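Based on the provided sequences and hints, a complete structural model is requested.
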Amino acid sequence: MQNNLSTVCGVADAPLLELDLRDLPSPEPMMRALAAADALRPGQAVQVLTPLLPTPLLDLLQARGWPATATLLAGGGARVLIRCPLGDDEAAA
Amino acid sequence: MTKLRLDRAPAAPLPLRFLLTVPLWGVLAGVLLIVDGDVALRTRWSPATLALVHAFTLGVLGNAMFGSILQFLPAAAGVTLRGGERSGRWLHGLFNVGVLLLVAGMHQRWPFGLMTAAMVLPAAFVMLALMVVPGLLAAAGQRLLRAGFGVALASALVTAALGAVLALGLAGRLAVPLMVWTDVHASWGVLGWIVVLLATVARVVMPMFQGTGSVPEAAQATWLAGVVAMLVAVAGLRAGSAVAGVVAAPVLIFAGAGLWLQWRAPRLRRGPLVDSWRAGLIALACAALALPIAPGGMLAASVGLGLALPLLVTAMMLEIVPFIGWIALHRHCGRGIQLPGVQRLLPEADKRRVLLAQPLLLSLPAAMAWPSASLARVAGVALVLVWSLTGWTLLGAGRRARHFLRSLEKSR
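Read top to bottom, the protein sequences are chains A and B.
Counting from 1231, one number per residue, gives the positions in the first sequence under this note's numbering.
Counting from 16, one number per residue, gives the positions in the second sequence under this note's numbering.
Just so you know, these hints were derived from the structure itself, not from any lab.
It cannot be assumed that every hint is accurate.
Per label pair, the in silico range of CB-to-CB distance [unchecked claim]:
hint, chain 1, residue 1, chain 2, residue 2, range
1, A, A1293, B, R279, 35 to 45 angstroms
2, A, A1293, B, A190, 50 to 60 angstroms
3, A, P1315, B, L39, 41 to 51 angstroms
Remember, it's a predicted structure, so these values are computed and weren't measured experimentally.
Ideal placement from N, C-alpha and C gives every residue a C-beta, glycine not left out.
Set out below in structure tokens:
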């Protein structure tokens, strides 16, 4: 089972982490992506690779007002970049 | 690669409304069988039989198919749905009122119900197409997946249009050769709409949820093209006896391929989902074999529509509904709170209980094979029990989520 966590590049003074969740059984990818998002501090970002476009995750992030971009991959699956906003009070707490 | 805008992501609870309506229709089908007894099982043309069949095909399977499309298409193919949550509410109301009118109209030979359903149900399918097709055409990549959804939706529209004509025929408002066109209507509905949609979704979800391999793209494309060719041939020839064999072949191939994938799975994830799909696919293969052999198609319909296809969709609903409940819980609680996992919202033991109740439904084909009022009513009671248990189990995810929220509030 593949579950790679690797540093790709720096974003807003924090390293950008990439989490490959594509080989995990459903619904693990969604739960782990959300856990990774919850662990972010203001200004940090995480990139997750998921087996499908994680529409519930995007829905939740939208409700929080967090910026995220999703890209469908040619062979199926999606790459989602999640960023914790600088003014996120909860994250700072 | 396709870039997607976050603000186009659909609301997660949109399909939940359809999925939770499925067990209600299963219970209603059981009640119809208890009321009508073996009258509903002796001939495919009696009002009781027509009502029972449509409670299954539209009430049970139709709601599951609508919910699956709205849940799956944005996620798997990046398709943007038009209309969002509000349209979803209208669609749910329109569709289920239409099914209720049709079932009541067929059961009571009620012309107003039949005529109204003949307008409302096609309108519901057109509304679904309007919500889905523009995004389906605009999306990039996943061509085979989108082709599968396209064929299923086109078949649904053809089925609905033929159904409307037949309903007007039953209401005495249109002279229609009912027997011939009913076969065409049923072929497009069961094979083109339900089985094609199931096969399209299965190609993606079987590897994800069950750990199987995937059907090769060329094989699935050939199967899909074959289904389209057969459906067109069925509509063109309208040759009654040949229809059964034509419909049975691709269904048998789908069931066989699913079983083969499970058998050869590199990392099969043992559990209620895999077992339910194995049982459902075996039952579906039996129904396909019975279709050209047993006269009238009644036995095949009782196994396929009453047992096999509902089991396949129930097993998937038991995975999806607690997941949607977990999402709602997350949305409600926000960050920083340890939530119960998806498996705690709907434990494997509860899913296993639903699977173990399924053999009760074998009373349905038994009542078909040896028709008697008492056996038919036993099958009706079995349907009520199994679908009540399914509904109670699905709602269990919501009960546990509410219980968690209450304990959270108390601890604060």
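Next on the checklist: I'd like to know which numbered hints this structure contradicts. Please list them from smallest to largest.
Outcome noted: Result: no hint breaks.
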